[in-house]
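A.B. asks: Residues per chain are reported as follows:
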Amino acid sequence: MSEPLAKLHGQIDRLLAAGTFSLEPDEHHAMLLAVLREALAYAADQNPRLKNYLDAWPIDYRTAGSIADLPFLPAAAFKADPPLMLVHPASIIRTLASSATTGQTPSRVVLDADTSKRMVKGVTSILRDFIGPKRRPYLIIDTPETLAAPAELGARGAAIQGLRPFATEVVFCLKGGPGGNIEIDERALLDFAERFGHEELLVYGFTYVVWQHFVLPLRAKGIRLKMPHVRLLHSGGWKRLQDQAVTRTTFDSGVAEVLGCDEARIADFYGMVENVGVIYPDCDYGNKHAPAFAAVIVRDPLTLRPVAPGGHGLVQVCSALPTSFPGHLVLTNDIGEVIRYDGCPCGRRGISFRFVKRVPKVEVRGCGNIETVRERPAA
Amino acid sequence: MSDSVRNIDSPQEITAAARALRSHALDRPISASQVIEVLERWGNSLTGPAFDAIPGVAFLKLWLRRGTLEPIVARELGLGAMSGDWWEDRSARLRSFPVGVVGHWPAANVEIQPLLSLSCALLGGNACLVRIPTGLVAQSGHILDRLRSIDVDGTLLGRIFAATFDHDRMDLQRAMASAVDGAMIWGGAEAVTQIRSLPFPHWARIAIFGPRLSVAAMDARTWATGEHRASWCQRLARDVWQFDQQACSSPQVLFLERSANGGVAEFVEGLAEAFRTENRVHPRLEIEPALSSAICLSRASWLLADEARRGVFSPGPDWTILVGTGSQIPVPTQGRTLCVLVVDSLLEPIQTFDGMVQTLGLAISDDAREAELARAAGRHGVDRIVKLGRMHVFGSPWDGMDLIRPMVRLVRHIPSGD
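Going down the list, the sequences are from chains A and B.
Sequential numbering from 1 applies to the first sequence in the numbering used here.
Sequential numbering from 1 applies to the second sequence in the numbering used here.
Quick caveat, the hints were computed from the structure, so don't treat them as lab data.
It is possible that part of the hints are untrue.
Listed below are the simulated EDC-like cross-link pairs for lysine to aspartate or glutamate, each with C-alpha atoms no more than 16 Å apart in a straight line [what the hints assert, rightly or not]:
{"hint": "1", "chain 1": "B", "residue 1": "LYS387", "chain 2": "B", "residue 2": "GLU372"}
{"hint": "2", "chain 1": "A", "residue 1": "LYS361", "chain 2": "B", "residue 2": "GLU190"}
{"hint": "3", "chain 1": "A", "residue 1": "LYS221", "chain 2": "A", "residue 2": "GLU257"}
{"hint": "4", "chain 1": "A", "residue 1": "LYS175", "chain 2": "A", "residue 2": "GLU145"}
{"hint": "5", "chain 1": "B", "residue 1": "LYS387", "chain 2": "B", "residue 2": "ASP367"}
{"hint": "6", "chain 1": "A", "residue 1": "LYS51", "chain 2": "B", "residue 2": "GLU307"}
{"hint": "7", "chain 1": "A", "residue 1": "LYS134", "chain 2": "A", "residue 2": "GLU169"}
{"hint": "8", "chain 1": "A", "residue 1": "LYS221", "chain 2": "A", "residue 2": "ASP185"}
{"hint": "9", "chain 1": "A", "residue 1": "LYS226", "chain 2": "A", "residue 2": "GLU186"}
{"hint": "10", "chain 1": "B", "residue 1": "LYS387", "chain 2": "B", "residue 2": "GLU370"}
{"hint": "11", "chain 1": "A", "residue 1": "LYS357", "chain 2": "A", "residue 2": "ASP300"}
{"hint": "12", "chain 1": "A", "residue 1": "LYS226", "chain 2": "A", "residue 2": "GLU263"}
{"hint": "13", "chain 1": "A", "residue 1": "LYS361", "chain 2": "B", "residue 2": "ASP168"}
{"hint": "14", "chain 1": "A", "residue 1": "LYS226", "chain 2": "A", "residue 2": "GLU200"}
{"hint": "15", "chain 1": "A", "residue 1": "LYS361", "chain 2": "B", "residue 2": "GLU288"}
{"hint": "16", "chain 1": "A", "residue 1": "LYS51", "chain 2": "B", "residue 2": "ASP306"}
{"hint": "17", "chain 1": "A", "residue 1": "LYS357", "chain 2": "B", "residue 2": "GLU288"}
{"hint": "18", "chain 1": "A", "residue 1": "LYS226", "chain 2": "A", "residue 2": "GLU257"}
Chain A with its partners taken away, still in its complex shape (with noise of 0.2 Å):
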């Protein structure tokens, strides 16, 4: 290992090591700035194109003095093809690819073995403050195939992976069905529901696949489970579910009303494979925090520079954890509201945020916008 890389591993470890949402706000900074330094330097050592874009930044990363000031990728960068990397080709043990709706390109990041352990650690770090560090019945809202593919993980069987640590045993409960379709393996669940019901459990599943394949048929079915000490994690957005009109008071009640539990036991954490390692759940008080290795910014659309407590803007979700692809910092296509830089109640330290929702599509077309170019003749 080269000696920049090593003392990056120990800065990043250190990061880790640190108390997840106690860190002092300036502290905070102050270690993360450093860290994500000298992750941009080796960066740009490992991809000269990356070096590229970071030396045209209109700030020094080397000499800047806020996090917000460093040079930041947009989310669609890591659409490339071949993935950004930072590592030899040999050296992947995993890619992992976002979730991307039918037609569009999913983003993919790599992950070599350092990167894949510091991964889990972080997304177990970070759990455990929410939800503690017991081990527990995990009951997946998915099919066994979703991790068919270990090479090449898509962002669902990447959060099934995550929540791992805290298992003591691992049930599936959908199954493919005729057709292709995706059914209620009842037997597992009601199984798994009759052994571990009175326990304290973790379920996890995609939030439209908990409602469209988990609640609904299990309504439709009259069947209701007992799980009053269940704690149900949810990710993967809401478009799918605001295209059937389905709130989050709407999901949360309907969920709960089929897990036999209370609906404080509902968490949905926000996510994404290029912040591949931190998870943002909500505290009880509906907002999220960035743990010690990582930091959010909300950019003002107009100036990009970070919002006012209250402002709303585009997300950028920064982390110390990659070695192994860029990002490190990572502009969304997601707007999110700035509710403190520090204090929430919840006693978590740092900024408090909240997803409010994609970025819309631009509603002015002018009379220059193209969107059909005619295909030329190759040279």
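Assemble chain B onto chain A, guided by the hints.
C.D. replies: Using the frame of chain A, we list chain B on its own:
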């Protein structure tokens, strides 16, 4: 909302408005000269800070002058059109008549476009049913309100019905299309495709302006010598800034002819300085989050694709210059994102143009060379070839088409007594 722009909620309102407009136009024929008389007074009345704040009003005032409009009418319709008389055409007589009610669908990115569009149809003696894009209601309404105060006998006002409704209201779009005899459609690909598929009467004349994009080009001597470089950069910055680079006449790319003498980096720094200056004078006041994201992505995609490429940009999304080589026009980002491409000869990119390029803005030191480039550009679908700094100056023809003539019928009378 202004009294001059009606908020429409039912197809019946549109049908009734079109009927009233048609009746008014049939009962009160009007000559181009009479139209120009009111238009000129209207233009002269657009003074004061509220009008100065509307982008393009200075140009609109120039456009509405008799000195601007008369030559256009004469060229497009013939000298007799000014008075509304017949004119001799060998053994026959010709006279222009309006098509009737012209529907206008202006683009949402050019504040004065509803007014420019309707002025063209009015000059042909038509009545105008104008859909004002929801984002332009305040500005258009303000300008139309001023017409109310100067056109007290309703010479033009009786021929104008300005309506606003959401562009997704297809029932209203269909009602408007069904009610008109001609249409002037301006806009981006999505809007134009949607509107041209509406159920227009089979006799309706349809004139479509846009979507197009525009390009700038400089020969080696012009950009590589320091003498006038700053002034050319300033002109180009102005062309980029207007309409936030969303207009069909906005330059999206600058082709630089390779020079043995000058450094591209030095030129780009000069251009960046002109962009900084223009941004200080005309800072953006708002931006769609999606455009801000697109600008960030264009910077990253450009620089990550090739180590030889360069980029200079502001910390915010204010402006971006992307530098590389090649003669293909990249997909435009807009939002003051200019791609500078170095080529061996300016003929190389021009020969790849097709009908997509509307305007070629030039800075060329040699007249014969410019004539050669203009010929090549014309052959390859370019409709306007102008000096850098004048890419947005609206005039006839536009998009290779007359502006008044498409909404006019030329009636031929062969006297029976001959």
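A.B. asks: Quick one, are LYS361 (chain A) and ASP168 (chain B) close enough, alpha carbons at most 16 Å?
C.D. replies: Given pair LYS361 (chain A), ASP168 (chain B) holds - Cα atoms ~14 Å apart, limit 16 Å.
A.B. asks: Tell me if the straight-line CA distance from LYS387 (chain B) to GLU372 (chain B) falls inside 16 Å.
C.D. replies: Holds - the C-alpha atoms of GLU372 (chain B) and LYS387 (chain B) are around 15 Å apart, at most 16 Å.
A.B. asks: Between the alpha carbons of LYS221 (chain A) and ASP185 (chain A), is the straight-line distance 16 Å or under?
C.D. replies: OK: LYS221 (chain A) and ASP185 (chain A) at ~13 Å, within 16 Å.
A.B. asks: Given the hinted pair LYS361 (chain A) and GLU190 (chain B), is their Cα-Cα distance within 16 Å?
C.D. replies: holds, 13 Å
A.B. asks: Keeping to a limit of 16 Å between CA atoms, is the pair of LYS357 (chain A) and GLU288 (chain B) held or broken?
C.D. replies: holds, 14 Å
A.B. asks: Would you check the hint for LYS226 (chain A) and GLU263 (chain A), treating anything up to 16 Å between C-alpha atoms as holding?
C.D. replies: holds, 14 Å
A.B. asks: Quickly compare the C-alpha distance for LYS226 (chain A) and GLU186 (chain A) to 16 Å and report which way the hint goes.
C.D. replies: Status holds; Cα separation ~15 Å.
A.B. asks: Below or equal to 16 Å on CA atoms is what counts here, so check LYS175 (chain A) against GLU145 (chain A).
C.D. replies: holds, 8 Å
A.B. asks: For a C-alpha distance cap of 16 Å, please report whether LYS387 (chain B) and GLU370 (chain B) respect it.
C.D. replies: Holds. LYS387 (chain B) to GLU370 (chain B) sits at ~10 Å (cutoff 16 Å).
A.B. asks: Run the distance test for LYS357 (chain A) versus ASP300 (chain A): straight-line Cα separation, threshold 16 Å.
C.D. replies: holds, 15 Å
A.B. asks: Could you grab the alpha-carbon distance between LYS226 (chain A) and GLU257 (chain A) and see if it respects the 16 Å cut-off?
C.D. replies: Cα-Cα ~10 Å, so holds.
A.B. asks: Holds or violated: are the alpha carbons of LYS134 (chain A) and GLU169 (chain A) at most 16 Å from each other?
C.D. replies: holds, 13 Å
Checked against the numbered hints above, the structure breaks none of them.
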